Amino acid sequence: MSRQDGSHRRVSDPAHDDGTATILHIDMDAFFASVELLARPELVGRPVIVAHDGPRSIVTTATYEARRHGVHSAMPLAQARRLCPRAVVIEPHHERYGHASRTVMAILGRFTPLIEQVSVDEAFLDVSGATRLFGAAGAIGARIRAEVRVETGLVCSVGAATTKFVAKLASGMAKPDGLLVVNRDETRALLDPLPIGALPGVGARTQERLRGLGLVTVADVRTTAPQTITRVVGDAAGRRLIDLAHGRDRRAVTPRREEKSIGHERTFPADLDPVADADQLRAALLDLAERTCARARRHGVLGRTVAIKVRDAAFHTVTRSQTLVAPTQTGRTVFTTAWRLYEQSGMADRPVRLIGVRLEQLTGDVAGALWSDDVEWQATDRAVDAVAERFGAGAVRPARLLRGGDAAAGAR
DNA sequence: TCTGGGGTCCTAGGACCC
DNA sequence: TCTGGGGTCCTAGGACCC
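full-length UniProt numbering numbers the first residue of the first sequence as 1 and each following residue consecutively.
Worth flagging that the hints you see were computed from the coordinates, not collected in a lab.
Since this is a predicted model, take the numbers as computed values, not measurements.
Hints may be right or wrong, so weigh each one.
[Claimed, not checked] Mimicking SDA-like on lysine to any residue, the simulated pairs with C-alpha atoms at most 25 angstroms apart in a straight line are:
id, residue 1, residue 2
1, LYS260, ARG340
2, LYS175, SER73
3, LYS175, THR162
4, LYS175, GLU116
5, LYS260, SER119
6, LYS260, MET105
7, LYS175, ARG96
8, LYS175, THR217
9, LYS175, LEU83
10, LYS175, ASP13
11, LYS175, ILE107
12, LYS175, ALA219
13, LYS260, ARG295
14, LYS175, VAL150
15, LYS175, GLY203
16, LYS175, VAL89
17, LYS175, CYS84
18, LYS175, SER128
Kindly generate the complete structure, drawing on both the sequences and the hints.
Quick look at the structure:
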């Protein structure tokens, strides 16, 4: 293994890279926070937290200065503030992240078309066909890091290995601002001592269950009888875990994956009373349905199943879904279905903390929509989309949302 | 400490069909 | 009259990831 670490200006040893690593994982460091610092350079070196500032917010990203105080992603903002009172909290700007992300992905595209973007700040590259032009994976990783830094002012870490899983592991170990190449014959030695939580798919629950079997490290998983493991974590998960523990991971880098569902959800700043705040609740659900469908239309997909999610004051969460006779991308239809599901959910008499809508079973078959009974709304939706395109989303909104006014808008 | 919002995948039971 | 097994679809919930 060879590590290039920005802070020490150590250059990775090209002789170490034996060419067996052909998959790269690129992961931006503290992405949202770093993008914000580009616009606020005076904050560089200070603890910075990116979070929407609400009573129930969580930390989206924190700079390493803030992380040193124990702040991390998904932590309640209130707690983060206690841990690091001096931290500057910045409101997220998703358009900026999207823009930076596209710039980074374009840089990656110079090396291979085989790019699988996992999220705004993360991607896998299969460079097996690019080494003749650009050298081994380690060399490509180093170039990517340099070009990203020069052209965006942002820092990323890169892992290279023979499989996706190990490449991702390597980028994580290289952080911050590093590069790590793991050759094939180094894989087992790297994996064996790691805690089982390092395996993708092993979260808190699974870790607990495996610990109940006395399994602590990846080596433990590798050397345990498969049935023992599948018995506690299920068939599919168990088999995958064992494979990963052996360093086996046949998942290919797949450039475009089709989306399976689209949805929106909202947590209210304070719980809504099902009776007194019924209008607000309806307005919120309609807004979520409209936004979900606007996105579906933009993506050219329809959903056959409408699903809702309701979370009560006690954080108890329930989902309900209904499959329609014909797929839809019409806000009105999704809203009516969703509202009915809510009323029948058994949650309709309790204070609501969160409500959400999701379109599932997506199909690109627009012809299917001709059979649906919401034809008359389709023209309206198209008109709304056209105005939104010219004047920005929110220029046209259903009357119900205006009436309830800024209660609904303010909940965002 | 008090828990966001966007998703994916898996499991399990029941309905229904052959 | 009671009882198969397999396959597919639908629904609910849970775990997990970024």
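Here is how each hint holds up against the structure:
1. LYS260 to ARG340: holds, 23 angstroms
2. LYS175 to SER73: holds, 16 angstroms
3. LYS175 to THR162: Roughly 19 angstroms separates the two Cα atoms, so the pair holds.
4. LYS175 to GLU116: Between LYS175 and GLU116 the Cα gap is close to 20 angstroms, so the pair holds against 25 angstroms.
5. LYS260 to SER119: holds, 15 angstroms
6. LYS260 to MET105: holds, 22 angstroms
7. LYS175 to ARG96: The hint holds at about 23 angstroms.
8. LYS175 to THR217: holds, 22 angstroms
9. LYS175 to LEU83: Holds, at about 23 angstroms.
10. LYS175 to ASP13: Satisfied, since the Cα-Cα distance of roughly 18 angstroms is no more than 25 angstroms.
11. LYS175 to ILE107: The given pair, whose Cα atoms are some 20 angstroms apart, holds under the 25 angstroms limit.
12. LYS175 to ALA219: Answer holds: LYS175 to ALA219 is near 24 angstroms, not above 25 angstroms.
13. LYS260 to ARG295: Measuring from Cα to Cα gives roughly 13 angstroms; hence the hint holds.
14. LYS175 to VAL150: Measuring from Cα to Cα gives roughly 19 angstroms; hence the hint holds.
15. LYS175 to GLY203: holds, 21 angstroms
16. LYS175 to VAL89: holds, 23 angstroms
17. LYS175 to CYS84: Cα-Cα ~22 angstroms, so holds.
18. LYS175 to SER128: Answer holds: LYS175 to SER128 is near 24 angstroms, not above 25 angstroms.
Every hint from the earlier list agrees with this structure, and none is contradicted.
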